[in-house]
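**Q** Residues per chain, in single letters:
Number of protein chains: 2
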Amino acid sequence: MPEQETISEQEGYRAKMVKRKAVKDKILAEKTKEKGLLVVHTGKGKGKTTAAMGLVVRALGRDFRVIIVQFIKGKWDTGEKIALKRFEPQCKFYALGEGFTWETQDKQRDILAVQKAWQRAEKIILEGACDLLILDELNIALRYNYIELERVLEVLASKHEKMHIVITGRNAPQGLIDASDLTTEMQEVKHPFRSGIRAQRGIEF
Amino acid sequence: MPEQETISEQEGYRAKMVKRKAVKDKILAEKTKEKGLLVVHTGKGKGKTTAAMGLVVRALGRDFRVIIVQFIKGKWDTGEKIALKRFEPQCKFYALGEGFTWETQDKQRDILAVQKAWQRAEKIILEGACDLLILDELNIALRYNYIELERVLEVLASKHEKMHIVITGRNAPQGLIDASDLTTEMQEVKHPFRSGIRAQRGIEF
Numbered sequence: 000m001p002e003q004e005t006i007s008e009q010e011g012y013r014a015k016m017v018k019r020k021a022v023k024d025k026i027l028a029e030k031t032k033e034k035g036l037l038v039v040h041t042g043k044g045k046g047k048t049t050a051a052m053g054l055v056v057r058a059l060g061r062d063f064r065v066i067i068v069q070f071i072k073g074k075w076d077t078g079e080k081i082a083l084k085r086f087e088p089q090c091k092f093y094a095l096g097e098g099f100t101w102e103t104q105d106k107q108r109d110i111l112a113v114q115k116a117w118q119r120a121e122k123i124i125l126e127g128a129c130d131l132l133i134l135d136e137l138n139i140a141l142r143y144n145y146i147e148l149e150r151v152l153e154v155l156a157s158k159h160e161k162m163h164i165v166i167t168g169r170n171a172p173q174g175l176i177d178a179s180d181l182t183t184e185m186q187e188v189k190h191p192f193r194s195g196i197r198a199q200r201g202i203e204f
Numbered sequence: 000m001p002e003q004e005t006i007s008e009q010e011g012y013r014a015k016m017v018k019r020k021a022v023k024d025k026i027l028a029e030k031t032k033e034k035g036l037l038v039v040h041t042g043k044g045k046g047k048t049t050a051a052m053g054l055v056v057r058a059l060g061r062d063f064r065v066i067i068v069q070f071i072k073g074k075w076d077t078g079e080k081i082a083l084k085r086f087e088p089q090c091k092f093y094a095l096g097e098g099f100t101w102e103t104q105d106k107q108r109d110i111l112a113v114q115k116a117w118q119r120a121e122k123i124i125l126e127g128a129c130d131l132l133i134l135d136e137l138n139i140a141l142r143y144n145y146i147e148l149e150r151v152l153e154v155l156a157s158k159h160e161k162m163h164i165v166i167t168g169r170n171a172p173q174g175l176i177d178a179s180d181l182t183t184e185m186q187e188v189k190h191p192f193r194s195g196i197r198a199q200r201g202i203e204f
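Chain order of the listed sequences is D and X. Read in numbering that gives the first Met the number 0, the first sequence has 19 at position 20, and its numbers run on one by one without any break. Read in numbering that gives the first Met the number 0, the second sequence has 86 at position 87, and its numbers run on one by one without any break.
Simulated from the structure, these hints should not be mistaken for laboratory data. Just so you know, not all the hints are guaranteed correct.
Which copy? The list can't say, so a pair holds if one copy fits it or any two copies do.
[Stated by the list, open to error] DMTMM-like mimics (lysine to aspartate or glutamate), calculated; alpha carbons at most 25 Å apart, straight line: (1) K122 x D180; (2) K91 x E160; (3) K158 x E33; (4) K25 x E10; (5) K189 x E160.
Can you make the complete structure from the sequences, with help from the hints?
**A** This is the structure:
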C-alpha cells in the first residue's frame with residue numbers, strides 16, 4: 000500500500016491533476032459534432048458481438064429503439080436474446096441466417112438467407128426504423144461476397160444522420176473501415192479454447 | 000451477386016463444408032473442461048467495459064446472478080446502469096469510485112475509494128455471492144498501485160471454481176494476464192474523437 004504522503008506531495012499531485020483536468024476539459028469543449036456513428040468491431044479476438052450487445056444495453060437505457068439483424072448465426076437461442084426479450088418491442092431481433100456455413104453445407108441456401116437479412120437491414124436503414132442498428136456478422140457475409148460491399152456502403156451512406164449502426168465480424172473490408180467513424184479490433188491475447196476448456200454457457204453464448 | 004453455380008461446384012462446396020464441420024466437431028468434442036473463467040479486457044481501444052456489459056446481458060439471460068463493481072468512474076449514471084435496473088436484484092451495481100482521478104484531485108480520497116471497492120469485491124469473491132462478477136476498471140487501480148497485485152491474484156485464485164470474473168481497464172499487468180483464462184486486447188483502428196465528434200449519449204455512456 001502507498002505510504003502516507005507529505006503535504007507538499009499532496010499539493011504536487013493536486014496541481015498535476017488540476018492541469019490534467021484543464022487539458023481534458025479543453026479537448027472536450029472542442030468536440031461539438033453530434034452524429035450517428037458507424038461503428039465496426041472486427042479482429043480475431045472475442046468480444047465483437049458481445050461489445051455490440053453492451054452498446055444495445057446502454058442504448059436501451061437511453062430509450063433508443065434498437066434492432067439487431069443476425070447475418071450468420073441462425074439458431075440464436077443465446078443468453079442475450081433471452082435477456083433482451085424483456086425490452087421488446089423497444090428492442091427487436093431478426094435472426095435470418097441459417098447457421099454457420101459449415102453447418103448448412105448448401106451455399107445457395109446460405110446466400111439466399113444472407114441476402115434476405117440484408118434486404119431487411121436495407122429497409123430498416125432507409126426507413127430510419129430505429130436509433131441503433133446492429134448488423135451482426137455482416138463482415139462474414141461480405142467476406143464470402145454474398146453481398147456486394149459497394150451496395151452496402153451506398154446504403155450506409157444514406158442512413159439518417161442520427162442513426163447509429165454497428166457492424167461486427169472478422170475481416171472487415173478496408174472500404175468499410177474507411178467509411179466508419181470508429182473501428183475497434185479485438186485481438187486475442189490468451190484464449191481458453193487453447194487449454195481444452197469448452198465454450199461456457201452464459202459467457203460465450 | 001454470385002453467378003448461378005453448376006452442380007459440380009455445389010458438390011465441391013458441400014464436400015468442403017462437410018469436412019470443415021467434421022474438423023470443428025472433433026475439436027469441440029475435445030473441449031470438455033467446464034469452469035468459471037477469469038477474463039481480462041484490456042488495450043487502448045473502446046469496448047472493454049462495453050463487452051463486459053454484453054457478457055452481463057448474456058449471463059442474465061442464463062439466470063446467472065451478476066454483480067458489477069466499479070473502481071474508477073463513480074458518477075455512473077450510464078445507459079447500461081439504467082437499463083440493467085430492470086434486472087435487480089439478479090443484477091447488482093456497486094459504484095464505489097469517486098470519479099476519474101483528474102476530477103477529484105485528491106489522491107488519498109482516490110486511494111480510499113478504490114480500496115473500499117476492492118474490499119467489497121473480496122467479500123463477494125470469498126462468499127461466492129454471484130455467478131458473474133465484473134470488476135470494472137480494476138486495471139487502472141492496479142496501474143496506480145492503489146491496490147496490490149499480489150493480493151488481487153491471491154483472492155482471484157481462491158474464487159469458487161464455477162464463478163466467472165471479468166476485469167477491465169487499460170494496461171492490465173502481465174501477472175494478471177498470465178493468471179487469466181482469456182485476455183482480449185481492444186485496439187483502436189479509427190476513433191471519432193479524432194475528427195471532432197463528441198462522445199455520444201447512448202453509445203459511449
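**Q** State for each hint whether it applies.
**A** Verification of the hints:
{"no.": "1", "hint": "K122 x D180", "verdict": "within (22 Å within a copy, 41 Å between copies)"}
{"no.": "2", "hint": "K91 x E160", "verdict": "within (21 Å within a copy, 35 Å between copies)"}
{"no.": "3", "hint": "K158 x E33", "verdict": "within (15 Å within a copy, 44 Å between copies)"}
{"no.": "4", "hint": "K25 x E10", "verdict": "within (23 Å within a copy, 62 Å between copies)"}
{"no.": "5", "hint": "K189 x E160", "verdict": "between (38 Å within a copy, 19 Å between copies)"}
When the structure is compared with the earlier hints, no violation turns up for any of them.
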